Amino acid sequence: MEKVGYLCTFTPKELIWAAGFQPVRILALNQPVSLANSHLQSYSCSQARGSLERMLKGELNFYGVIFTRSCDTLMRLADIWEKNSSMRVYNFEFPTKLHESSIGFLRRELYDLKSTLEGWSGKEIEAEELISSIKLYGELEKTLNMLFEVQPDYELLLKAQTQNPIEVLEESKAKLEELGRKEELKSRLKSRKALVTGSVCPFPGIMRLISDSGFTVIDDLCTGSRFFTFDVEYAGINSIENSVENSVEEAIDFLAKKYFQKAPCPTKNYENERRFNYVLNKAKEVDAVIFLLLKFCEPHFFDYPQLREKLEAMGKRTLLLELEFPVSEEQLRTRIEAFYETL
Amino acid sequence: MESETKSEGKPSKSKIKKLKATKRMQDIMLGYYLQGRQAERVGWVTSGAPVEFLYAMDIYPVYPENHGALIGASKQGPYFSSFAEEKGFSQDLCSYARCDLGCIFSETSPVGGLPRPDFLLACNNICNTVVKWYEVVGRIYKAPVFLLDIPFVRKELKESYIDYVENQLYDFIGFLEKTYDTEFDEGKFKNVLRLSIEGVQSYGDVLSMGKHKPSPLTCFDAFLNMAPIVCLRGTEVPSIFYAEMRQELESRIKQGIFAVDDEKYRLLWDNIPVWYRMRWLSEFFIEKKACMVADTYTNAWTALIDINKKNPIRSLAETYIGIYLNIGLDLMVDAINELIDKFDVDGVIIHSNRSCKPYSFGQYEIQRMLEVPSVIIEADMTDSRAFSESQVETRLEAFLETI
Ligand code: SF4
Ligand code: SF4
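Taken in order, these protein sequences are the chains called A and B.
Mapping the first sequence onto my numbering, position 288 (from 1) lands on 289, and the numbers just tick up by one.
Mapping the second sequence onto my numbering, position 284 (from 1) lands on 297, and the numbers just tick up by one.
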């Protein structure tokens, strides 16, 4: 099966899968950058530089890549990518303004993405394929959600973003079942709870490090729970099959709604402070908040001071960890442990 | 905007030929900033936003970016930025934003601070930075932020983009009507549009004077005098001011006075100026007999709204989508190559500006596609901590030797 890469979690994977491609999230590795230096300045985040590096090294063998409008860096990366590879590159203009009034535009863009993917695969996306793809991802997200409530598994989540979704779904289900049988889980909960919030962190090792320091971890990361958190009712999609005539339209409508209701991210503009409230709400049940941010990531760093202020007003202790890849886990460990001690 | 005189000394020996217009521009801008103190209606806008709606509703537009440029030119970037950094705003954020936030936190600025906004209009056709920046300011002042969301035109401008923006413009009108409980006056709006177009035209005429060989002006003159087209676009001021500026340049040509004596190279500048080193750079190039005849930054303000189309709002939407920073690299290269031809340029100086990612990322690819040789220098538009004079000097000297 040919692969189609994407970078931002606002990319509707459902359409890619329905078109017969395996969607693969492009993530940087924990390695220094060399080739990318002559294509992207040093003041870009490590995720962009590291992803480009992998492509330039020939590590990514994709038919095409979907860039989704999020930050200025990714906006420019699309062209840089296209100029240096033979992959097809498409720019999906997800609106920045996530207000009721822009859902129509998102729907239009979904149709354009659909026809682009159809052009790539050479065949039309049928309603049946699209609906079953939507269901597949819905189930995967639900399972991961349940699994993370019991015990987060960042290795598995990484697989969910980069491997065949059917296989990962099976693995997740098996894992969930296995955990369900274990009695002692609840008692293993550690006394201190931390919310880890931030952008891209594709290294499960770092998450393990935080929990090894003594924290029970919940997260609000772009490579963490924001990958599978959508506030949408699946009941709707189950009824679509019956009305064959408009089913593609209904499925697209569903996707538009689903991605509108995706866990909020700082790269978007919401009504009524939806992003801040989301984080503050998550923070209610924790003792501490760790900001895990990529150096040079503007959307997150603009939010940081005011968000921190609000969290501190709630009585939460906070820690800022600024990452540039390759990260030294040892240094991080020292800082996290020291932070733990202050609580 | 102040030019840097004091700290670099020896103004009397400078070979920079100052335009009289620059003095007049300073008076105009002083008036503009003073006016802000009495304004009853105040909106903060981004530099690429359709300010025409504000002028049509008698709303005083505040331009934090222009204010940032002014801070940069007065060499106070690091100072004001430090107030924001103390509050936790990263030093890697856009320095215009940091300076602006620093002024808010310190409750002062070179012009005594900016008036408090009733609302903020963020238009992301220049960057997504402004969205985040204005959200921060909006929280501080408890003022609403209206985001005019402009899709990015990587390859082609789709009709659906224009639809989307046009709808938002109508929403924005509704937003203003509600905020001020006043009806939108279409007649007045059309008049503002007409003035806007006239202003842009006469500004474009001034920039075109750089085509003359040798050139009567440099892009540094253009930078110093761009504030009126940014801040006062839609009023009578720009067309009058730029018409006078043009006369001055024409008479320079008649008298055989040119910006650089014995002009040998004609260069193009890419990106926002290095505001705190304008004088140094000007003198450096004069010394080398190189004239910066044009730049991509000021020329970004010369896009014309086609008012003759049936629907001016739609045509406004189209114009604001297509601006220079909102297009893909191929389209940018076309635009630069066009400037190269128009101004008969021998080389390009590319400012890789730490603050401005949408302007700077992609420059390495652009460099490979230009018709003429170019050099990249690393700096920041207002934060002098990111600038190494010796490094830039060596680079530029080496470059000039090759062309
Ligand atoms: S980490 Fe931040 S800057 Fe980097 S790609 Fe993601 S949103 Fe953009
Ligand atoms: S990021 Fe660039 S375009 Fe945006 S405000 Fe800063 S300097 Fe201006």
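It should be emphasised that the hints constitute simulated quantities derived from the structure, not laboratory data.
Don't take every hint at face value.
[To be verified] Taking lysine-lysine and the BS3-like style, the derived pairs with C-alpha atoms no more than 30 Å apart in a straight line are:
id, chain 1, residue 1, chain 2, residue 2
1, A, Lys283, B, Lys100
2, A, Lys258, B, Lys277
3, B, Lys171, A, Lys285
4, A, Lys317, B, Lys155
5, B, Lys168, A, Lys4
6, B, Lys168, A, Lys124
7, B, Lys191, A, Lys258
8, B, Lys100, A, Lys285
9, A, Lys84, B, Lys171
10, B, Lys100, A, Lys317
11, B, Lys100, A, Lys194
12, A, Lys263, B, Lys88
13, A, Lys296, B, Lys88
14, A, Lys263, B, Lys168
15, B, Lys191, A, Lys4
All values derive from a computational prediction rather than experimental measurement.
Outcome of the hint check:
1. A distance of roughly 24 Å separates the Cα atoms of Lys283 (chain A) and Lys100 (chain B); the hinted pair therefore holds under the 30 Å criterion.
2. Proposed proximity of Lys258 (chain A) and Lys277 (chain B) is contradicted: the alpha carbons are some 60 Å apart, above 30 Å.
3. Pair hint Lys171 (chain B) plus Lys285 (chain A) does not hold up; C-alpha atoms about 44 Å apart against a cutoff of 30 Å.
4. The hinted pair formed by Lys317 (chain A) and Lys155 (chain B) meets the criterion: a straight-line CA distance of about 24 Å does not exceed 30 Å.
5. For the suggested pair Lys168 (chain B) and Lys4 (chain A), the alpha carbons sit about 23 Å apart, so the restraint of at most 30 Å is met.
6. Only pairs whose Cα atoms come within 30 Å are accepted, and Lys168 (chain B) paired with Lys124 (chain A) is accepted, the gap being roughly 24 Å.
7. With a CA separation close to 28 Å, the supplied pair Lys191 (chain B) and Lys258 (chain A) stays within the 30 Å bound.
8. With a CA separation close to 24 Å, the supplied pair Lys100 (chain B) and Lys285 (chain A) stays within the 30 Å bound.
9. Under the criterion of a C-alpha separation no larger than 30 Å, the hint pairing Lys84 (chain A) with Lys171 (chain B) is consistent with the structure, at around 22 Å.
10. About 18 Å separates the Cα atoms of Lys100 (chain B) and Lys317 (chain A), which keeps this hinted pair within 30 Å; it holds.
11. With a C-alpha separation of about 26 Å, the suggested pairing of Lys100 (chain B) with Lys194 (chain A) holds against the 30 Å cut-off.
12. For the hint pairing Lys263 (chain A) with Lys88 (chain B), the CA-to-CA distance comes to about 44 Å; that exceeds 30 Å, so the pair is violated.
13. Restraint check for Lys296 (chain A) and Lys88 (chain B): satisfied, since their Cα atoms lie roughly 26 Å apart, inside the 30 Å limit.
14. Restraint check for Lys263 (chain A) and Lys168 (chain B): the C-alpha separation of about 28 Å stays at or below 30 Å, so the hint holds.
15. Distance restraint check for Lys191 (chain B) and Lys4 (chain A): the Cα-Cα separation of roughly 49 Å exceeds the 30 Å cut-off, and the hinted pair is therefore not satisfied.
When the structure is compared with the earlier hints, violations turn up for hints 2, 3, 12 and 15 and for no others.
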